[in-house]
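> Given next are the chains, with one letter for each unit.
Protein chains: 2
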Amino acid sequence: MVIGIDVGGTTIKFGVIKLNGEIAFAKRIDTMQAAAAGITDAMIKEVKSIIAEFPEVEGIGIGFPGLVSKDRKNVILLPNVPGVANEEVVAKFKKELPKLIVKIENDAKCAALGELQFGEAKGMTDFLFISLGTGVGGGYICDKKLFLGSRGNATEVGHMFTPMEGKTVEQHLGLHQITEYANNLAKDPAFATSDLSKQNINPKLIFEAATKGDKLALAVWEHVGKALGYGLISMMRFSDVNKFVIGGGVAGAFDFFIPQTEKTIRENLPAYYCDGIEFRKASDGENAGILGAASLIYHSYGDN
Amino acid sequence: MVIGIDVGGTTIKFGVIKLNGEIAFAKRIDTMQAAAAGITDAMIKEVKSIIAEFPEVEGIGIGFPGLVSKDRKNVILLPNVPGVANEEVVAKFKKELPKLIVKIENDAKCAALGELQFGEAKGMTDFLFISLGTGVGGGYICDKKLFLGSRGNATEVGHMFTPMEGKTVEQHLGLHQITEYANNLAKDPAFATSDLSKQNINPKLIFEAATKGDKLALAVWEHVGKALGYGLISMMRFSDVNKFVIGGGVAGAFDFFIPQTEKTIRENLPAYYCDGIEFRKASDGENAGILGAASLIYHSYGDN
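Residue numbers (the numbering used here), protein chains in the order written: chain X, 851 to 1154; chain Z, 851 to 1154.
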């Protein structure tokens, strides 16, 4: 039994996870409140109270939304979580809880491991996990191992460039950017009849409108699919992977954007790359973060 | 002692290479003439005659300009060499020369290994080699091993997108594309006084003009540096490498374009990525191809 902790900009989620992926216990705390006391200290306090109830816990995996040190001991930088920079997270935990295995990782990389351990990627040897949420993250399993790159923070895929308007992947596919694109498209007279254009547009509404065949919504997802396709082309050229697992909230609209993603790739890459290409929707959901963090305990890679 | 073979679109170069990188013998044949008999058969014939003179040869490394199978036994596709597709190169060699170790690899990946074994990258654990020639290729040494990616043909970096006009790295940095850019710039009245604009422009002339301070030439190299910088940014985001070795003919102008490459990277990436960033000019030259191919024999990675 292990504890998975998913550190986000808004909440920190805790879960006690069984080896089969079952969640024995779950809790969340407010990130800003935790930050006031110090994120790591706040997490240690929660973990201690969880262990009092679940003494069979053997390890703790923590996913952070940012850069971690190559030796996976320290957090380097979290853009959206205050007060955590160059923090010796593992040492602090080990001092208070010396008997437990403690591992930390970037959250999108955790999610990739979680899909491999508990989710849609079970049994796959190679795949690129892309997380489409507020931002865009990635985790690459190469030959059954998590790819860390040279300095430990590989697959920051949201910041790679696309050929579309010179923007990065995230500048097209971030939650706010999708909304902005939809709002701009709604001004087009061609979409004047769309119900969507009369509402306060957000990705959830765009998804729902697409299920009803709304043309504006479908055009937005086509754009998303195309931008993702161009992003993946550069990633394929670098890593020669052609199996993809797509997670994060935006993946809810998987069926609406993936056809355009695949079309864009097939139009731009030689047959070699497209042979056996595969897209899977992550098993994701509410608990993906804690499951991913928990799965850290079961994987060896790098110094981790 | 090993034989290194560098297969190019114009010539096939053979070299007998000593462990210290000394070249005991070198020869080249015409690719088109070889293709008439079958490239592999032509190479075997040459190797046999070389071995008659150098019986101490223990292995043969061959670099091909294109895609090779993941198990490094077969050539899949060579865009610029006729008649070599899905060719069982290693099996053919082993049949005729059963006592020798025979390895094949993509030529830019060979060059990366060559820089590690004999050249400017000696002792480096992590670096990205970029070959700037007629086309743009790459080889990535990650934690002392050649990175093959998931299916064996990683780091086709020339085909990754840049944010500049939606073009790929090669669409900016290929030899012909640099010439085209210079020709277009020469039409600009601002460069009317450039001596270069009065000549039949080619990259060698652009380099020579730059050494004399020609403004047109310097503007071309600034453009090259910028495009390379943007290309490297995407590669850094994917692989988190920040040591680069730049080879190929265009690297002759290294000193003229690298400052702009580094500037572009520093302007676009957080400090984490730029900390310790390093650019080296490959030791390259005429024999880089055969040295790279020979170095294959000294490296174990993947199934190779």
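It should be emphasised that the hints constitute simulated quantities derived from the structure, not laboratory data. Glycine residues also receive a C-beta, built at the ideal position from the N, C-alpha and C atoms. Any given hint might turn out to be false.
Chain Z is faced by these chain X residues, among others (derived, beta-carbon under 8 Å) [as the list claims (entries may be wrong)]:
hint, residue
1, M882
2, M974
3, N1003
4, E1006
5, Y1148
> Where does the structure disagree with the numbered hints, that is, which hint numbers, in rising order?
1, 2 and 5
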